[in-house]
Amino acid sequence: MPARPLSDDTLQLIDAVREALLDAGEVEEKRMFGCHVFMVNGKLCLGVEGDELLVRLPPDTHAAVAETPGVRTLSSKGLMDGYFYISPAAYATRAQWQHWIAAALAFNPLAKATRKKAARGDGAPPRSTKESTPRASSLRKTAKTPSNTKATPRPPARKHSVFDDDA
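All residue numbers for the sequence shown refer to the working numbering, where the first residue is 2 and numbers rise by one.
Derived from the structure by calculation, the hints contain no laboratory data.
Just so you know, not all the hints are guaranteed correct.
[Said to hold, decoys possible] Under the rule of at most 25 angstroms between Cα atoms (straight-line distance), these lysine-lysine pairs were calculated in the DSS-like manner:
1) K113 <-> K78
2) K44 <-> K113
3) K31 <-> K44
4) K44 <-> K78
5) K113 <-> K31
This one's a predicted model, so the numbers in the text were calculated from it and none came from an experiment.
Please take these sequences and the hints and turn them into a complete structure.
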């Protein structure tokens with residue numbers, strides 16, 4: 002079943018996260034948890050689901066962060082401590098936005114990377130339930146364009162704002 006098209010608001014939020022991560026190191030985008038996520042240096046750091054921002058923060062701050070207005074946990078069963086959805090009301094100003102982005106980026110070097118699946122005993126490569134296709138924005142940092150092809154020019158960045166104070 003093909004994925005539903007993303008709303009303009011979701012696309013604007015994804016673009017805002019991309020822009021915030023321009024100097025963050027190796028960034029890869031993929032789909033996880035039903036979200037558009039941003040892996041920074043091989044670890045989940047941020048994501049977008051609808052109009053909410055997904056952030057990964059230190060698990061030992063889970064209880065305190067969960068009490069913040071406009072924040073909800075990814076899992077109610079305690080299985081994903083440190084993962085939060087941030088509602089638009091909690092990132093409505095540029096200062097709030099920068100707080101969440103900075104907090105997620107500060108934790109990223111300390112976060113555990115997901116272990117790669119071990120090779121199967123029959124010599125076949127590990128199975129993947131869903132192959133991730135890198136997006137053009139993640140390729141621009143790592144892929145090289147073959148010399149015999151023309152690079153497709155990037156479309157100009159859309160002007161947008163996810164902040165109330167920029168209206």
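Going through the hints against the structure:
1. K113 <-> K78: 20 angstroms, holds
2. K44 <-> K113: The hint holds at about 7 angstroms.
3. K31 <-> K44: Holds. K31 to K44 sits at ~12 angstroms (cutoff 25 angstroms).
4. K44 <-> K78: 22 angstroms, holds
5. K113 <-> K31: 18 angstroms, holds
Hint compliance for this structure: every hint is met.
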